[in-house]
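A.B. asks: Since each chain comes alone in its own frame, lean on the hints to assemble the complex.
Here are the chains, one letter per residue:
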Amino acid sequence: MYWNPSIERMSQDDLRLIQERKLRALVRTVYDYSQFYRERFKAAGITPDDIKSLEDLSKLPFTKKSDLRDTYPFGMFAVPLSQVVRFHASSGTTGKPTVVGYTTNDINVWIESLCRGLVSCGVSNKDIVQIAYGYGLFTGGLGFHYAAEKIGAAVLPISAGNTQRQIELMRDLGSTVIACTPSYMLYLAEFAAKMGVDIASDTKLRVGIFGAEPWSEETRKRIEKKTGISAFDVYGTSELSGPLFTECLEKCGLHVWADHFLIEVVDPKTGEQLGEGEKGELVVTTLSKEALPLVRWRTGDLTYIEMEKCSCGRTHPRIMRILGRTDDMVIVRGINVFPSQVEHVLMRFPELGEHYMIILDRKEDGLDEMTVQVELSEKFKVDRISDIIELEKRVADELKSVLNVWAKVEVVNPGTLQRFEGKAKRVLDRRKI
Amino acid sequence: MLKQISVFVENKPGRLAAVTEKLNEVKTNIRAFTIAEAGDFGIIRMVVDKTQEAYEVLKKSGFTVSLTDVIAVEVEDRPGALYEIAKSLGDANVNIEYCYAFTSGKHKALIIMRVNDIEKAKAVLSKMDVLFKGSID
Ligand SMILES: [Zn+2]
Numbered sequence: 001m002y003w004n005p006s007i008e009r010m011s012q013d014d015l016r017l018i019q020e021r022k023l024r025a026l027v028r029t030v031y032d033y034s035q036f037y038r039e040r041f042k043a044a045g046i047t048p049d050d051i052k053s054l055e056d057l058s059k060l061p062f063t064k065k066s067d068l069r070d071t072y073p074f075g076m077f078a079v080p081l082s083q084v085v086r087f088h089a090s091s092g093t094t095g096k097p098t099v100v101g102y103t104t105n106d107i108n109v110w111i112e113s114l115c116r117g118l119v120s121c122g123v124s125n126k127d128i129v130q131i132a133y134g135y136g137l138f139t140g141g142l143g144f145h146y147a148a149e150k151i152g153a154a155v156l157p158i159s160a161g162n163t164q165r166q167i168e169l170m171r172d173l174g175s176t177v178i179a180c181t182p183s184y185m186l187y188l189a190e191f192a193a194k195m196g197v198d199i200a201s202d203t204k205l206r207v208g209i210f211g212a213e214p215w216s217e218e219t220r221k222r223i224e225k226k227t228g229i230s231a232f233d234v235y236g237t238s239e240l241s242g243p244l245f246t247e248c249l250e251k252c253g254l255h256v257w258a259d260h261f262l263i264e265v266v267d268p269k270t271g272e273q274l275g276e277g278e279k280g281e282l283v284v285t286t287l288s289k290e291a292l293p294l295v296r297w298r299t300g301d302l303t304y305i306e307m308e309k310c311s312c313g314r315t316h317p318r319i320m321r322i323l324g325r326t327d328d329m330v331i332v333r334g335i336n337v338f339p340s341q342v343e344h345v346l347m348r349f350p351e352l353g354e355h356y357m358i359i360l361d362r363k364e365d366g367l368d369e370m371t372v373q374v375e376l377s378e379k380f381k382v383d384r385i386s387d388i389i390e391l392e393k394r395v396a397d398e399l400k401s402v403l404n405v406w407a408k409v410e411v412v413n414p415g416t417l418q419r420f421e422g423k424a425k426r427v428l429d430r431r432k433i
Numbered sequence: 434m435l436k437q438i439s440v441f442v443e444n445k446p447g448r449l450a451a452v453t454e455k456l457n458e459v460k461t462n463i464r465a466f467t468i469a470e471a472g473d474f475g476i477i478r479m480v481v482d483k484t485q486e487a488y489e490v491l492k493k494s495g496f497t498v499s500l501t502d503v504i505a506v507e508v509e510d511r512p513g514a515l516y517e518i519a520k521s522l523g524d525a526n527v528n529i530e531y532c533y534a535f536t537s538g539k540h541k542a543l544i545i546m547r548v549n550d551i552e553k554a555k556a557v558l559s560k561m562d563v564l565f566k567g568s569i570d
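Read top to bottom, the protein sequences are chains A and B.
Those letters in the first sequence? Residues 1 to 433, per our numbering, in order.
Those letters in the second sequence? Residues 434 to 570, per our numbering, in order.
Just chain B, same shape as in the assembly (with noise of 0.2 angstroms):
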């Protein structure tokens, strides 16, 4: 289970910049990142390597930030594994949220999920073997 930082933005000129500045003020690395959008504003959603570090900066600084537990998930570069994934939470009754993907040179390509569910998603996902354990750094 991963922490994932959420800040609130208006839909202003420079609101990005304001937050990914405050992120460099404490040397953190974005590891996973989207802007979900809805006119007047969007939701940054982001994986750090300094979590608690960047919310307290991004506190302290004014936004309105929060702290959610999302799970992130391996997926094998094969077509139709995505499919697996996605059909067996389905079947379980788990509701995706939202999701998003990143890769880097150390792991597998990731998606991270937040779901209605997360115990039983953990329980569908370990059997798959296909939940992702590690930290990231």
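Just chain A, same shape as in the assembly (with noise of 0.2 angstroms):
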């Protein structure tokens, strides 16, 4: 099933050609009504007449999410305030908070995009979806809510937390299809057991389509293991609009809607473009946004591209489940290591719970000193101190093949570790730099 077959389906000749052209416009837009753009374009040395193929995107100067931190609130707004219908805000977690405008237009190919991600994971007006992201200023439950009416569902708007009540209308209502955070769904799981309430026999729910944080394979298979739900992946921020893009039923990477936007993955030190396939940060420029519209914006998601037709017949290119985010990397004596690769190790092990924390310190001798404390699986059974000894042990092993670097590992007892009904904050720095 498609949304819209004739542009989802349609040549990747026709998608350049599409995309050329919007590029084109694009430049010139913003040259001409945004201040912001045309200086950081004659700072570069470019006017628009040197945009002529999406070969040239890579002349064109990258935008960064200090741009518009610098600028805030509006001075990246390419529009007058009159034509903008709605705001969002992110709350900065690293800093001053940054503000989104939308116009009209701006909406509708924000939900129109979505719509193609909720059909393509199987979902229809037969659906009843339940919004557990946030409503408000993240865009997330207004997003999905927008887009799962537009397409017919119906929507149950509980937005995050009030956990019980979650479960009570999931089971009462008979929710098919929900949408939250991978953390928040493991809660619900978990929290649905302790009602007494299993998701997979008790509820109707068959779908889960999770976003906002990175999450990896392994904990997909366990939410679809626990919950009997088929897990994709979603992808969005709030500059490029909101949650946009999802995988579909192939679940080998989400589509990126190629006639509104034009991504590239770029190294994340040099910012030179790496090809097809290559791990490196998605970059993407908008090519339909009109009041805040982003030429080459610096994602601070890892990622890779695939280009190739996918076997549901978009034609679209796919990126892969986001690797992690570049500032949530963290340098643990010199080296990078992100969440997700923990994450990664953690979930291959059936002793192990869904929970975890990184603590990082510094020892007074300067050493950074990295302890990832993890939950035990319910299921495990402990009797010798040697279980939990070489337990920790395999488990530290493992990490430190995949990091390179040496980390302490606690394991604790189930449900003792931080729950997050939102984004998850599993990294707690303690190093006084």
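Source of the hints: derived by calculation from the structure; they are not laboratory data.
A portion of the hints provided could be inaccurate.
What the hints assert, rightly or not - With the Cβ distance kept under 8 angstroms, some of the chain B side facing chain A (calculated, not the full set):
hint, residue
1, 439
2, 441
3, 443
4, 473
5, 474
6, 499
7, 501
8, 519
To be verified - Covered stretches of chain A (in silico footprint by chain B; criterion: 3 or more residues with CB under 8 angstroms from a CB of chain B, positions within the stretch not fixed):
hint, segment
9, 377-391
10, 400-414
Cβ atoms here follow ideal geometry from the backbone N, Cα and C, with glycine treated the same way.
C.D. replies: Shown next as structure tokens:
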């Protein structure tokens, strides 16, 4: 099933023509209407005439989160505020908040993208969609809300939190689809079990669409095994609009709608363009956005691109599951460590549960120490001291081989580590630097 | 053969209290008890009168708890009694993974042990007529 079959299956040559035409128009528009971009282009020695084809993309300067912060609140807007119909804002975990704005058309493009995604995950007008993403300034709740309504599904706008109610309503109303963060889904499943509700057999839930934080293939397997649902990845950021791209039924990457978004992957350090299949930072140019157009936006998310036509029939390129964030990355004894790598290792151990914390300390001698606390699985049988010591050692060895840095592993009782209703914050950096 | 309850506990204040509080909730008496400790964590092992109830309440309260088959040995109160038992098991190539003792008014001194080969151990100990075959209540 397709939401917009003629576009979703359009030939890649035709898509490219659309992208080229839209890129030229975008560059012209931002040069004429945005002082911010005009100055940037001038500093880079570029005029709109220099951008003729997609090959010229790399001549354009990047834009970054810091640009949005430095021009807070409206410095990067390219339309008068009278044309703006909505704002969203991010809380600014790493600094000042950032504000994004939308014209009517921006909202339409956003929702169109997510409608294509929902349908590609097999969601239809027969579904009841429980939206457990936060509503409000965060884009997750409202994005899913309007897209699910548009495809004709029934929406349960419950927002994040209030876990007991989530499970009661899921059971009583027969929600078939849930959208939330993957860590919240794990928490929901755990909470449901405590209430005596087995999501697999006592509810009609069949699809979950999970995003807003990087998660691993192993976490997918766990969610699917525990709850009997089919779990899909979704990607998007508030700057790009909100949740935009999902996996299709093939679960082989997330389709990025090329008629609205132009993607590249670059080396996070040098900014050099990387080829198909090479891992690096995702950079997105918005081809249709009006209020806040973004030229070569550095997302900070690490992934790689697959251009080949998907077996689902869609021709649009795919990005692979986000491997981590350049700014989630922690540096331990000079080595880059991504929490998602740690999660990936932990989830391979059936003896361990889903919840973990990464704690960083700096010892008196100046050396960094990384401790990974992880909950035991409730099913794990413990009787001998060596059961625990051997397990901790096997996990530590595996972490060492993946991360190239040694971590102390501490297993703890199930249910004792912090739970997260929104984005999980699994790194506790206690180093005084 | 006896069922022993093993509980994983982090080495933090109040953990033992948390475990025993739960046992008290179901009015369970602890008959034998030991804590094996290793740095950040410990394992509480115990033999109780209401094993199933105790197991359920701990499990429900989120503890990592398991039931383990252990054997109990009656040891006479005379020099060399324990030595003979240990030697016979050793000669039969049975490894004692851990053991702990308890006494009560009702029974002789009992030693609870976990071994690597429970069937073989039972054979050896039965032959010596020291295997405890009763139940603990
Ligand atoms: Zn596909």
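A.B. asks: Would you mind marking each hint as holding or not holding in the structure?
C.D. replies: Comparing the hints with the structure gives:
{"no.": "1", "hint": "439", "in the structure": "4 angstroms, holds"}
{"no.": "2", "hint": "441", "in the structure": "4 angstroms, holds"}
{"no.": "3", "hint": "443", "in the structure": "5 angstroms, holds"}
{"no.": "4", "hint": "473", "in the structure": "6 angstroms, holds"}
{"no.": "5", "hint": "474", "in the structure": "6 angstroms, holds"}
{"no.": "6", "hint": "499", "in the structure": "4 angstroms, holds"}
{"no.": "7", "hint": "501", "in the structure": "4 angstroms, holds"}
{"no.": "8", "hint": "519", "in the structure": "19 angstroms, violated"}
{"no.": "9", "hint": "377-391", "in the structure": "holds (count 9)"}
{"no.": "10", "hint": "400-414", "in the structure": "holds (count 5)"}
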